[in-house]
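Novice: Each chain is listed here by its residues.
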Amino acid sequence: MGDTQSTAGDDGVGEVETQLVELFTAEAPLRLDSGATLAPVTLAYETYGRLNAAGNNAVLICHALSGDAHVAGVHPGKANRGWWDNFVGPGRPIDTERHFVVCSNVIGGCSGSTGPGSTNPATGRAYGLDFPMVTTADMVRAQRALVDHLGIRRLASVIGGSVGGMQALQWTLDYPQRVESAVIIAATTRLSAQNIAFNAVSRQAIMTDPDFHDGNYAEHGVTPHGGLAVARMMAHITYLSEEGLQDKFGRNLQDRERFSYGFDRDFAVESYLHYQGSKFVQRFDANAYLYLTKSMDYYDPFPDAATAAQVLAPVESDYLVCSFSSDWRFHSSRSMELVEVLLRHNKHVTFQEFQSTHGHDSFLLDVPAYKATVKAFLDRRGGGP
Amino acid sequence: MSEVRPTDYGTCPTAAEPLPLERRLRKDQRHVFDLIPGGARVLDLGCGDGALLAALCDHRGVQGYGVEIDGDCILACIKQGLAVVHEDIDEGLAVHPENGYDYVILSQTLQATRHPRRLLQKMAKVGRASVVSFPNFGHWRIRLSLLFKGRMPKNEVLPYEWYDTPNIHLCTLADFEDLVRAEGFTVKRRILLDIHGDPLQSSRCAGWRASSAVYLLGG
Chain A
1 MGDTQSTAGD DGVGEVETQL VELFTAEAPL RLDSGATLAP VTLAYETYGR
51 LNAAGNNAVL ICHALSGDAH VAGVHPGKAN RGWWDNFVGP GRPIDTERHF
101 VVCSNVIGGC SGSTGPGSTN PATGRAYGLD FPMVTTADMV RAQRALVDHL
151 GIRRLASVIG GSVGGMQALQ WTLDYPQRVE SAVIIAATTR LSAQNIAFNA
201 VSRQAIMTDP DFHDGNYAEH GVTPHGGLAV ARMMAHITYL SEEGLQDKFG
251 RNLQDRERFS YGFDRDFAVE SYLHYQGSKF VQRFDANAYL YLTKSMDYYD
301 PFPDAATAAQ VLAPVESDYL VCSFSSDWRF HSSRSMELVE VLLRHNKHVT
351 FQEFQSTHGH DSFLLDVPAY KATVKAFLDR RGGGP
Chain B
1 MSEVRPTDYG TCPTAAEPLP LERRLRKDQR HVFDLIPGGA RVLDLGCGDG
51 ALLAALCDHR GVQGYGVEID GDCILACIKQ GLAVVHEDID EGLAVHPENG
101 YDYVILSQTL QATRHPRRLL QKMAKVGRAS VVSFPNFGHW RIRLSLLFKG
151 RMPKNEVLPY EWYDTPNIHL CTLADFEDLV RAEGFTVKRR ILLDIHGDPL
201 QSSRCAGWRA SSAVYLLGG
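Just so you know, the protein sequences line up as chains A and B, in that order. 1 is the number of the first residue of the first sequence in this note's numbering; add one for each residue after it. 1 is the number of the first residue of the second sequence in this note's numbering; add one for each residue after it.
Think of the hints as simulated: they come from the structure by calculation, not from any bench. For each residue, glycine too, the CB sits at the ideal point set by N, CA and C. Incorrect hints may appear among the rest.
Said to hold, decoys possible - Footprint (simulated), chain A over chain B, 3 or more residues, beta carbon under 8 Å:
{"#": "1", "stretch": "67 to 77"}
{"#": "2", "stretch": "81 to 92"}
{"#": "3", "stretch": "131 to 143"}
Stated by the list, open to error - Simulated crosslink set (EDC-like; lysine to aspartate or glutamate; CA at most 20 Å straight-line):
{"#": "4", "chain 1": "B", "residue 1": "122", "chain 2": "A", "residue 2": "340"}
{"#": "5", "chain 1": "A", "residue 1": "347", "chain 2": "B", "residue 2": "58"}
{"#": "6", "chain 1": "B", "residue 1": "79", "chain 2": "B", "residue 2": "90"}
{"#": "7", "chain 1": "A", "residue 1": "375", "chain 2": "B", "residue 2": "72"}
{"#": "8", "chain 1": "B", "residue 1": "125", "chain 2": "A", "residue 2": "340"}
As the list claims (entries may be wrong) - Here are the in silico distance ranges between beta carbons for each label pair:
{"#": "9", "chain 1": "B", "residue 1": "125", "chain 2": "A", "residue 2": "310", "range": "23 to 29 Å"}
{"#": "10", "chain 1": "B", "residue 1": "88", "chain 2": "A", "residue 2": "278", "range": "41 to 47 Å"}
{"#": "11", "chain 1": "A", "residue 1": "234", "chain 2": "B", "residue 2": "69", "range": "31 to 37 Å"}
{"#": "12", "chain 1": "A", "residue 1": "151", "chain 2": "B", "residue 2": "22", "range": "46 to 52 Å"}
{"#": "13", "chain 1": "A", "residue 1": "278", "chain 2": "B", "residue 2": "70", "range": "40 to 46 Å"}
{"#": "14", "chain 1": "A", "residue 1": "366", "chain 2": "B", "residue 2": "88", "range": "22 to 28 Å"}
{"#": "15", "chain 1": "A", "residue 1": "97", "chain 2": "B", "residue 2": "70", "range": "28 to 34 Å"}
{"#": "16", "chain 1": "A", "residue 1": "151", "chain 2": "B", "residue 2": "190", "range": "55 to 61 Å"}
Based on the sequences and whatever the hints tell you, model everything.
Specialist: Here it is in structure tokens:
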């Protein structure tokens with residue numbers, strides 16, 4: 001997603017490190033929705049704060065498409081703060097004085113957890129497209145093994161924006177006894193045709209790059225940088241609003257006084273997107289982008305009324321659903337569809353739409369009313385330990 | 001630290017020692033409160049800071065839901081552990097299931113809605129019974145004020161200037177009862193309140209004497 005804001009004034013959670021854990025074994029592998037199995041599975045994760053004796057003050061954060069386990073604080077020797085540092089730390093909405101905060105990189109990703117770039121134990125080479133397809137439920141199943149590994153008995157909350165919100169929802173459906181509450185931000189229960197269309201074009205950009213080599217680009221010593229950058233540039237447009245882009249760039253020219261009357265990057269917005277694309281390819285794997293977008297496309301926990309009734313019957317969690325006025329990637333009406341199905345099944349749900357001109361990316365930003373609501377929900381009477 | 005425990009979903013958490021009702025609720029809210037039986041599923045439209053809903057949850061064990069448009073009010077509700085949906089009640093209560101509630105409450109809000117008739121119809125759709133309270137524009141003080149001063153009335157119940165009042169659909173008891181009849185609702189209870197929010201002892205000349213009223217409507 002876009003640039004996150006650092007929080008001035010205090011140090012937040014300070015210096016942190018990403019840790020790795022190996023879960024699942026050949027005898028007890030991770031069973032995926034596709035029928036395939038995976039073992040062992042490495043998960044990269046970070047934790048902040050302390051788990052209480054009852055094991056019930058943990059908050060699990062689920063990251064969005066291009067996120068990672070590094071939510072808050074700084075890595076030793078690095079300047080960049082975690083992607084949600086403004087929300088996580090002492091006294092911040094997700095308060096590390098009260099909560100034991102956990103975030104892990106999703107399986108199928110490329111930031112430390114097992115994914116298509118990992119070595120396939122059967123061949124000794126990178127999986128590439130031999131990696132099994134993973135779904136949102138599969139990601140959650142892997143996270144649950146981590147939660148067990150950390151000694152967490154019951155999660156005070158599972159929180160996520162965008163596809164992280166889908167994982168948070170899935171947690172409440174798959175492990176209803178383990179989740180006190182869920183905060184589902186700028187998300188949806190299913191991608192629309194338009195959403196899938198954007199993902200499809202992103203994937204095509206990657207797969208038609210001459211350096212893609214059917215996903216085996218690592219063996220050829222290349223990476224499909226061009227395709228991945230285009231995928232990111234296009235997706236990035238959908239994370240912002242027309243108003244937000246207009247405010248930031250308008251028709252400003254980049255480092256020039258007049259048009260080139262050619263195909264240079266005349267406009268500031270072009271230059272900005274190129275920068276976003278080139279920055280992204282340095283940290284993200286093209287195959288992982290294919291797998292993660294596909295898992296989004298497949299997500300649909302309530303395909304029909306009977307299934308919704310069945311999967312929601314055992315659910316006990318309190319829900320907070322948040323959306324943003326200028327988000328057109330997952331419009332407020334998509335959040336309200338979720339609220340509708342939760343109300344239909346008597347769930348305890350609160351919904352709020354926040355005013356923001358920053359589009360889908362608003363969920364990462366300092367929108368004061370939004371921060372206040374998330375904080376109030378996590379600190380609410382009767383909620384949490 | 002507390003033990004790992006299951007959550008009561010759909011119901012509000014109960015405080016250890018809830019405040020006495022008279023300190024939590026306005027007088028007119030008390031009369032609405034008294035109409036709701038324990039354990040009911042309740043939707044409070046325009047629930048404000050959640051005072052009525054929280055009292056119903058704490059003292060009556062209802063499954064309470066609120067609808068509110070103001071962000072600060074929503075925040076106040078969240079802090080109390082209430083379930084509240086950010087929605088404009090004039091937009092049609094789109095997320096609420098048909099027959100999803102036992103009681104739908106519209107407390108001192110009807111006169112501020114753009115489409116009162118449509119809203120009453122929608123309330124009857126999502127709830128089995130409706131509780132509606134509103135100020136009576138036929139109260140004698142208002143009638144006399146208009147008669148002698150020739151100006152739109154301003155008082156404790158209707159404190160706004162005509163040009164910036166949120167109350168755009170004021171009506172009298174007779175007006176309301178005409179609409180209720182036309183829509184095929186039955187008035188199951190009618191509580192007439194004086195200017196202090198206390199019940200009138202008799203219903204004689206109710207249209208003149210009631211400053212506001214609470215109606216319990218059935219389909």
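Novice: With reference to the structure, classify each hint as holding or not holding.
Specialist: Structure-based check of all given hints:
no.	hint	result
1	67 to 77	holds (count 4)
2	81 to 92	holds (count 7)
3	131 to 143	violated (count 0)
4	B:122 <-> A:340	16 Å, holds
5	A:347 <-> B:58	18 Å, holds
6	B:79 <-> B:90	26 Å, violated
7	A:375 <-> B:72	14 Å, holds
8	B:125 <-> A:340	15 Å, holds
9	B:125 <-> A:310: 23 to 29 Å	26 Å, holds
10	B:88 <-> A:278: 41 to 47 Å	44 Å, holds
11	A:234 <-> B:69: 31 to 37 Å	36 Å, holds
12	A:151 <-> B:22: 46 to 52 Å	47 Å, holds
13	A:278 <-> B:70: 40 to 46 Å	44 Å, holds
14	A:366 <-> B:88: 22 to 28 Å	26 Å, holds
15	A:97 <-> B:70: 28 to 34 Å	30 Å, holds
16	A:151 <-> B:190: 55 to 61 Å	59 Å, holds
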